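Each chain is listed here by its residues.
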Amino acid sequence: MAKTLEEINKKIKNGSVVVLNAEEIIDYAEQNGVKKTARDIDVVTTATFGPMCSTGAFLSFGHSDPPIKMSKVWLNDVPAYAGIAAVDVYIGATELSETEDMNYGGAYVIEDLISGKPVKLRATAYGTDCYPRKEIETYITLESINQAYIFNPRNVYQNYAAATNSSNKTIYTYMGKLMPNFGNITFSSAGQLSPLLNDPYYRTIGIGTRIFIGGGQGYVAWQGTQHNPGKDRLANGTPSGPAGTLALIGDMKKMNKNFIRAATFHGYGITMYVGVGIPIPVLDEEMVEFLKVKDEDIYTEIMDYSVQRRNKPSLGKINYKQLKSGSIMLKGKKIQTGSFSSYAKALEIANLLKSWITKGHFLMTNFTAPLPWDEKVNTLNILSKEEL
Amino acid sequence: MITRRLILNFPEKIVTKPITYRLVKDYDLQFNILRAEITADVTGKILLEIMGSKNKIEEGIKFLEGEGVSIQEASRDIIVDKEQCMDCGVCTSICITQALILDKNNYRLLFDKDKCILCGFCQNCCPVNAIKLNI
Chain A
2 MAKTLEEINK
12 KIKNGSVVVL
22 NAEEIIDYAE
32 QNGVKKTARD
42 IDVVTTATFG
52 PMCSTGAFLS
62 FGHSDPPIKM
72 SKVWLNDVPA
82 YAGIAAVDVY
92 IGATELSETE
102 DMNYGGAYVI
112 EDLISGKPVK
122 LRATAYGTDC
132 YPRKEIETYI
142 TLESINQAYI
152 FNPRNVYQNY
162 AAATNSSNKT
172 IYTYMGKLMP
182 NFGNITFSSA
192 GQLSPLLNDP
202 YYRTIGIGTR
212 IFIGGGQGYV
222 AWQGTQHNPG
232 KDRLANGTPS
242 GPAGTLALIG
252 DMKKMNKNFI
262 RAATFHGYGI
272 TMYVGVGIPI
282 PVLDEEMVEF
292 LKVKDEDIYT
302 EIMDYSVQRR
312 NKPSLGKINY
322 KQLKSGSIML
332 KGKKIQTGSF
342 SSYAKALEIA
352 NLLKSWITKG
362 HFLMTNFTAP
372 LPWDEKVNTL
382 NILSKEEL
Chain B
393 MITRRLILNF
403 PEKIVTKPIT
413 YRLVKDYDLQ
423 FNILRAEITA
433 DVTGKILLEI
443 MGSKNKIEEG
453 IKFLEGEGVS
463 IQEASRDIIV
473 DKEQCMDCGV
483 CTSICITQAL
493 ILDKNNYRLL
503 FDKDKCILCG
513 FCQNCCPVNA
523 IKLNI
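These protein sequence lines are chains A and B, in that order. Heads up: take any position in the first sequence, counting from 1, add 1, and you land on the numbering used here. Heads up: take any position in the second sequence, counting from 1, add 392, and you land on the numbering used here.
There may be inaccurate statements among the hints.
What the hints assert, rightly or not - Here are the simulated lysine-lysine pairs, DSS-like style, with alpha carbons at most 30 Å apart:
id	chain 1	residue 1	chain 2	residue 2
1	A	322	B	505
2	B	454	B	496
3	A	322	B	496
4	B	507	A	170
5	B	524	A	335
6	B	446	B	496
7	B	446	B	474
8	B	496	A	332
9	A	118	B	505
10	B	496	A	258
11	B	409	A	335
12	A	258	B	524
13	A	335	B	446
14	B	448	B	405
15	B	507	A	334
As the list claims (entries may be wrong) - If you want the ones that stay clear, here's a sample from chain A, every Cβ over 10 Å from chain B, calculated:
id	residue
16	41
17	72
18	138
19	154
Bear in mind the hints are in silico, worked out from the structure with no lab data behind them. Keep in mind it's a predicted model, so treat the numbers as computed, not measured. Glycine included, each C-beta is placed from N, C-alpha and C at the ideal position.
Working from the sequences, and respecting the hints, build out all of it.
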């Protein structure tokens, strides 16, 4: 018999809800069958803790006296985008420091604010009758400013490619350090624990879904950039490459450094690890079929990142069980594999979210609108206006 | 027969002098040079895996120290900062001796100092700079 979200929330409130994480559900469904699992289990928690360049924060500083309409803004010497209202900015994770280059940047500003550290705010302006001040230099903390919220234009990628390097030199990429002559393979997905691989057709995850983000609660705001639901799928619904994405929003003031971290990919740039957890309601047997997906049933493609083109050659498909085993065979050679999204952290988040739900601190939400199915990824072509 | 991993530091005045061959000739020791470099301030460093009887190794070390070489145990010189580490495991794909691996049970990073040859490949692959190498 199918369950409704309202019934599940009633169970959360009266303390009788049964929650498993997306790893535990695999064995449970194996041992008890799909029917019984659908009856017994109410919620499955999924999570991911990976680097996402498409991260940043909106900050609203409050007004100085006399006030200023900030047109250029720096936080600890990292430029923030100020082309919005007088004292609002967006600080992007990948923005580099003007004084420390790749050693410091937007993600580090966000991490410092979340850690409670003071951050130097510097701004210049052209001055108006209502905003006469032309420059300001002061210090802020997360507590001293008004709103501060993380906004991810894209996160929770529904699968991603694995990377290797066929060239004869080491390359430094957003997929990490790739050693020459197929020296290693890196990948970035929580696999069987990943949110959109457990709800591959977005039956329960949509716009407005409440989530765990960075240690606090937040929401799915929109489909993410590069949302590509039309990607080819296996019979179990999982795509074998990048497909759906989510835009996320969450209150920075409720976050903690344990679940959101600045990072530097040597030779590439700065990025931000954002911990995300999404609970999936076990509405019926069909949801159990999706939720019991395991690493060996989820595939991705190995791409050669030494080819500096938009389309990189594929070296074949591989499943996450093989990738997570530490090494695979490719072209007759044993190649070591490593993930730069943290499965240990993802598991920690899934378990924390599980305890929130069990204790009644987190209620499930119906989405207010589903994710769209009619979007695809366009390319950027270099054209004159007449050729458009 | 035991194996030890040592870092030999050669000050400028002896950096050009042939010394290590005496370990073989006079002390009957086998060694494998895992890493060697001369730094900008003209001091030399060698990471040596040395095999022989316990006494002979001790005597060999005394000889080297007598020649002005300062010696450290190599295993002390790589540090994985567990406070910073996020247990992603990307370093395990770089580690050629598998001194860095993920624990099969809890997916946390394990570092086996005895397997590490201080190649240093892992150092700049860590996204949160949790691996420090001092050779």
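These are the hints, each one checked on the structure:
1. A/322 with B/505: Within the cut-off at roughly 27 Å; holds.
2. B/454 with B/496: Cα-Cα ~42 Å, so violated.
3. A/322 with B/496: Since the Cα atoms of residue 322 of chain A and residue 496 of chain B sit roughly 12 Å apart, the hinted pair holds (cutoff 30 Å).
4. B/507 with A/170: 25 Å, holds
5. B/524 with A/335: 27 Å, holds
6. B/446 with B/496: Since the Cα atoms of residue 446 of chain B and residue 496 of chain B sit roughly 35 Å apart, the hinted pair is violated (cutoff 30 Å).
7. B/446 with B/474: Given that 30 Å is the threshold and the Cα spacing comes to 33 Å, the pair is violated.
8. B/496 with A/332: 26 Å, holds
9. A/118 with B/505: 35 Å, violated
10. B/496 with A/258: 26 Å, holds
11. B/409 with A/335: Violated. Residue 409 of chain B to residue 335 of chain A sits at ~41 Å, over the 30 Å cutoff.
12. A/258 with B/524: Holds - the C-alpha atoms of residue 524 of chain B and residue 258 of chain A are around 21 Å apart, at most 30 Å.
13. A/335 with B/446: 37 Å, violated
14. B/448 with B/405: 26 Å, holds
15. B/507 with A/334: The given pair, whose Cα atoms are some 22 Å apart, holds under the 30 Å limit.
16. 41: 26 Å, holds
17. 72: Check passes; 33 Å lies beyond 10 Å.
18. 138: It holds; residue 138 of chain A is separated from chain B by about 29 Å at its closest Cβ, greater than 10 Å.
19. 154: The claim stands: residue 154 of chain A keeps its Cβ more than 10 Å from every Cβ of chain B (closest is about 21 Å).
Consistency note: the structure conflicts with the earlier hints numbered 2, 6, 7, 9, 11, 13.
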